[in-house]
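Protein chains: 2
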Amino acid sequence: MADRPPLAPASAQAPLRRQVTMADVAAKVGVSKMTVSRALNRGSRNDRSTSEALRLRILATCADMGYVIDQTARSFSSKRSGFVAALVPTLNNSNFSETAQGLTAAVEASGLQLLLGYTDYRIETEERLIKAMLMRRPEGLVLTGGSHTAAARNMLLNSGIPVIETWDLPAEPIAHTVGFSNADATAAMVHHLFAKGYRRIAFVGGASDRDSRGVDRRRGYSRAIHELGLPEGRVFSVGQAPIPMSQGAEAVALLVQQWPEVDAVVCVSDHSAFGALMECQRRGWAVPGRIAIAGFGDFEVAKACHPRLTTVVVDCEGIGRASGELMLRAIDAARLGTRLPAETLLIPFGIQQREST
Amino acid sequence: MADRPPLAPASAQAPLRRQVTMADVAAKVGVSKMTVSRALNRGSRNDRSTSEALRLRILATCADMGYVIDQTARSFSSKRSGFVAALVPTLNNSNFSETAQGLTAAVEASGLQLLLGYTDYRIETEERLIKAMLMRRPEGLVLTGGSHTAAARNMLLNSGIPVIETWDLPAEPIAHTVGFSNADATAAMVHHLFAKGYRRIAFVGGASDRDSRGVDRRRGYSRAIHELGLPEGRVFSVGQAPIPMSQGAEAVALLVQQWPEVDAVVCVSDHSAFGALMECQRRGWAVPGRIAIAGFGDFEVAKACHPRLTTVVVDCEGIGRASGELMLRAIDAARLGTRLPAETLLIPFGIQQREST
DNA sequence: CTGTTAGCGCTTTCAT
DNA sequence: ATGAAAGCGCTAACAG
Chain C
1 MADRPPLAPA
11 SAQAPLRRQV
21 TMADVAAKVG
31 VSKMTVSRAL
41 NRGSRNDRST
51 SEALRLRILA
61 TCADMGYVID
71 QTARSFSSKR
81 SGFVAALVPT
91 LNNSNFSETA
101 QGLTAAVEAS
111 GLQLLLGYTD
121 YRIETEERLI
131 KAMLMRRPEG
141 LVLTGGSHTA
151 AARNMLLNSG
161 IPVIETWDLP
171 AEPIAHTVGF
181 SNADATAAMV
191 HHLFAKGYRR
201 IAFVGGASDR
211 DSRGVDRRRG
221 YSRAIHELGL
231 PEGRVFSVGQ
241 APIPMSQGAE
251 AVALLVQQWP
261 EVDAVVCVSD
271 HSAFGALMEC
281 QRRGWAVPGR
291 IAIAGFGDFE
301 VAKACHPRLT
311 TVVVDCEGIG
321 RASGELMLRA
331 IDAARLGTRL
341 PAETLLIPFG
351 IQQREST
Chain E
1001 MADRPPLAPA
1011 SAQAPLRRQV
1021 TMADVAAKVG
1031 VSKMTVSRAL
1041 NRGSRNDRST
1051 SEALRLRILA
1061 TCADMGYVID
1071 QTARSFSSKR
1081 SGFVAALVPT
1091 LNNSNFSETA
1101 QGLTAAVEAS
1111 GLQLLLGYTD
1121 YRIETEERLI
1131 KAMLMRRPEG
1141 LVLTGGSHTA
1151 AARNMLLNSG
1161 IPVIETWDLP
1171 AEPIAHTVGF
1181 SNADATAAMV
1191 HHLFAKGYRR
1201 IAFVGGASDR
1211 DSRGVDRRRG
1221 YSRAIHELGL
1231 PEGRVFSVGQ
1241 APIPMSQGAE
1251 AVALLVQQWP
1261 EVDAVVCVSD
1271 HSAFGALMEC
1281 QRRGWAVPGR
1291 IAIAGFGDFE
1301 VAKACHPRLT
1311 TVVVDCEGIG
1321 RASGELMLRA
1331 IDAARLGTRL
1341 PAETLLIPFG
1351 IQQREST
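So the protein lines, in turn, are chains C and E.
My numbering applies: residue 1 is where the first sequence begins, and numbers increase by one.
My numbering applies: residue 1001 is where the second sequence begins, and numbers increase by one.
Everything labelled a hint here was simulated from the structure, so no lab data went into it.
Using N, Cα and C, we set each Cβ at its ideal position, and we do this for glycine too.
Treat the hints loosely; a few may be bogus.
[What the hints assert, rightly or not] DSS-like, lysine-lysine: derived pairs with alpha carbons at most 30 Å apart:
#: 1; chain 1: E; residue 1: Lys1033; chain 2: C; residue 2: Lys131
#: 2; chain 1: E; residue 1: Lys1079; chain 2: E; residue 2: Lys1131
#: 3; chain 1: C; residue 1: Lys79; chain 2: C; residue 2: Lys131
#: 4; chain 1: C; residue 1: Lys33; chain 2: E; residue 2: Lys1079
#: 5; chain 1: E; residue 1: Lys1131; chain 2: C; residue 2: Lys28
#: 6; chain 1: C; residue 1: Lys28; chain 2: E; residue 2: Lys1079
#: 7; chain 1: C; residue 1: Lys79; chain 2: E; residue 2: Lys1033
#: 8; chain 1: C; residue 1: Lys79; chain 2: E; residue 2: Lys1079
#: 9; chain 1: C; residue 1: Lys79; chain 2: E; residue 2: Lys1131
#: 10; chain 1: C; residue 1: Lys131; chain 2: E; residue 2: Lys1131
#: 11; chain 1: C; residue 1: Lys79; chain 2: E; residue 2: Lys1028
#: 12; chain 1: C; residue 1: Lys303; chain 2: C; residue 2: Lys196
#: 13; chain 1: E; residue 1: Lys1079; chain 2: C; residue 2: Lys131
#: 14; chain 1: C; residue 1: Lys303; chain 2: E; residue 2: Lys1303
#: 15; chain 1: E; residue 1: Lys1028; chain 2: C; residue 2: Lys131
#: 16; chain 1: E; residue 1: Lys1131; chain 2: C; residue 2: Lys33
[Unchecked claim] Sample of chain C residues facing chain E (criterion: CB under 8 Å; computed from the structure):
#: 17; residue: Phe76
#: 18; residue: Leu91
#: 19; residue: Asn92
#: 20; residue: Ser94
#: 21; residue: Phe274
[Claimed, not checked] Covered stretches of chain E, going by a simulated chain C footprint (3 or more residues, C-beta under 8 Å):
#: 22; region: 1123-1136
#: 23; region: 1294-1306
Between the sequences and the hints, there should be enough to build the whole structure, so can you do that?
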């Protein structure tokens, strides 16, 4: 935050060409500021509009003068920032980008903007971002996951704005939740493999608890193994989220060395599963003949590779869309001075069977 | 923007618990607002700070009262929004996310925030986003590519803030540029394949001109083919950006059918190259024996697949970092009332030879 | 080191 | 349908 020479202080500002204001436009048109304001805000407010002819004249003058309304002043005056903040673990993951796109589409339909931040899978970074966002007074906040620092939880609870946690089903939600059980989804995959005849099923996931979805998936694996009475303990942990493809490759090699009897492996995500699949090809291990491989997330690579990956399919965009729509209702309630009772929206998931198992 | 019931008008706001202001904190501590303001802004401004003891007392009181400074009011008053806007074609592309991460790191070092928007590879969407961003008065704007609508160009030229175009080398830059020649990079790849002995080299790219980097790459391919005196015309166009892996697969199949003599194919990006590679495996065509495949971008999949993909390596994060640092200098100049002369920073690229060629 | 005054550009509210 | 006045929460500028 401060390891380079500070920028020039505001007081050093030279008097650049003064920016065009609403008053300038009003003067040029020969009306009051209020009339310009109304012409520009027509529709989104409850106020009486200007005559259509005048409105067009005002709009034309704005364009002529290169006037762009100052949202900073508008937000300040109206007490409405006009944006919703969303935090995702990383930008570079199509699951989360699709969620972000669903969110964007939903909130933009009501004239709100989505402001995106990424936490790098770190709750400390999340805390910092939550603070930075709250300073800008978002009308709502969408988080990925239900695991936060104590300070972050506190800020969120006191923020007075709607908060939605997505992608997980936290034990103690802040307010609203839109997601699914990562544990159940992974357990379903294990049951699916069992039904296909696999009995020596291993799991490859992260070594840290940074990624709470990864932790839940491992938990779901263990639960299913236990339920099915299969031999436990075949959990292979590598690195920390996001697990790259290369670590999936390393993991499957070491795993087969350690437990040669393993006939199937469930990976924490398609990326590691793909890495594992390619490593098997390099070593000449038939997939699924020698070992079956399953992933999670149905990323593009899962259906493009050969053989294609069996995986857990999640409606990522649906999570975003549902969150966005819930957020709009919550914001509407807040603007009317009420609080929307906490909701939990379950997003369905499915097992996509392909050639890798 | 308005196809759902409008949100409640601001006037409908019920008097929720009034938000804590700086005056409240000041009253509690027994000092003036200005003292609180100074304590909170210490370092980032040129003003005299408060005594350390008092400052700590003020900070503690802020924490006690759950006070979070109102950046909306601060921006409004100081004429500094404290953020830089960046537009990328899509979030779901590690090249652009790395650029975004480099940018974030660079601007955060000076206490600025990065606000991200994605254009979906559409200059109309870009225009809309530029307008939305300018309303919020960013201190600078970073764009991907040099192709914009006329209206967008106009807004940018009149915005009065530093603008940087990245990833391309536009013929008529708005102001600053940080990028490389996509045409040169692709031409280098063709020359590389020629040096390896390939003579019947095809190109797979998009059918539309939505993605200006894709267009430049195709141009670079054609130029190199011409320079080398190779037979021209083997350009295969599919869909529009972003070309998915599946279209790379379709393309290579059709291409080999149409031009069976082809011995190497250059793809517009690693994604289509990977799709092509997998399709070859499905059909039992040896890569590079029957046909060699090259990509662009050095995405994770390029080094994880088998055989690994020969590709063009670009320092994506470096583009972001260089842009961020240039932006800081430009903002500093703007705050001092001057304008930084337009700079063009070239980011080097390289050919990464792997097993696919 | 701290306080006072003024005002940023817009919207709210009330008046016509 | 339009206007006038007031003020949002903060910081710049100046004074002490």
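To see whether the hints hold, each was checked on the structure:
1. Among the hinted pairs, lysine 1033 of chain E with lysine 131 of chain C is consistent with the structure: their alpha-carbon atoms are about 21 Å apart, no more than 30 Å.
2. Under the criterion of a C-alpha separation no larger than 30 Å, the hint pairing lysine 1079 of chain E with lysine 1131 of chain E is consistent with the structure, at around 18 Å.
3. Distance hint between lysine 79 of chain C and lysine 131 of chain C is fulfilled; the C-alpha atoms sit about 18 Å from each other, no more than 30 Å.
4. The straight-line distance between the Cα atoms of lysine 33 of chain C and lysine 1079 of chain E is roughly 21 Å, inside the 30 Å bound, and the hint therefore holds.
5. Of the supplied pair hints, the one linking lysine 1131 of chain E and lysine 28 of chain C holds, its CA atoms being roughly 23 Å apart against a limit of 30 Å.
6. For a cut-off of 30 Å, the pair hint linking lysine 28 of chain C to lysine 1079 of chain E stands: about 24 Å separates their Cα positions.
7. For the hint pairing lysine 79 of chain C with lysine 1033 of chain E, the CA-to-CA distance comes to about 21 Å; that is within 30 Å, so the pair holds.
8. With a C-alpha separation of about 18 Å, the suggested pairing of lysine 79 of chain C with lysine 1079 of chain E holds against the 30 Å cut-off.
9. Taking the CA atoms of lysine 79 of chain C and lysine 1131 of chain E, the gap is near 21 Å; set against the 30 Å cutoff, the hint holds.
10. A C-alpha spacing of about 26 Å is found between lysine 131 of chain C and lysine 1131 of chain E, which places the hinted pair at or below 30 Å, so the restraint holds.
11. Annotation: proposed proximity of lysine 79 of chain C to lysine 1028 of chain E holds, straight-line Cα distance about 24 Å (limit 30 Å).
12. Of the supplied pair hints, the one linking lysine 303 of chain C and lysine 196 of chain C holds, its CA atoms being roughly 20 Å apart against a limit of 30 Å.
13. Of the supplied pair hints, the one linking lysine 1079 of chain E and lysine 131 of chain C holds, its CA atoms being roughly 21 Å apart against a limit of 30 Å.
14. Proposed proximity of lysine 303 of chain C and lysine 1303 of chain E is supported: the alpha carbons are some 18 Å apart, at most 30 Å.
15. Restraint check for lysine 1028 of chain E and lysine 131 of chain C: the C-alpha separation of about 23 Å stays at or below 30 Å, so the hint holds.
16. Straight-line distance between C-alpha atoms of lysine 1131 of chain E and lysine 33 of chain C comes to about 21 Å, which keeps the hinted pair within the 30 Å bound.
17. A hinted interface residue such as phenylalanine 76 of chain C counts as satisfied when its beta carbon comes closer than 8 Å to some beta carbon of chain E; here the least separation is about 5 Å, so the hint holds.
18. Annotation: interface hint on leucine 91 of chain C holds; nearest CB of chain E at approximately 4 Å, less than 8 Å.
19. Interface restraint check: asparagine 92 of chain C against chain E, minimum CB-CB distance 4 Å, threshold 8 Å, status holds.
20. Of the supplied interface hints, the one on serine 94 of chain C holds, with its beta-carbon coming within about 4 Å of a beta-carbon of chain E, less than 8 Å.
21. Among the interface hints, the one on phenylalanine 274 of chain C holds; its C-beta lies about 7 Å from the nearest C-beta in chain E, closer than the 8 Å criterion.
22. Coverage of the region 1123-1136 of chain E by chain C holds. Counting CB-CB distances below 8 Å, 5 residues qualify, and the rule asks for three or more.
23. By the rule of at least three residues with a Cβ nearer than 8 Å to a Cβ of chain C, the coverage given for the region 1294-1306 of chain E holds, with 6 such residues.
Consistency note: the structure conflicts with none of the earlier hints.
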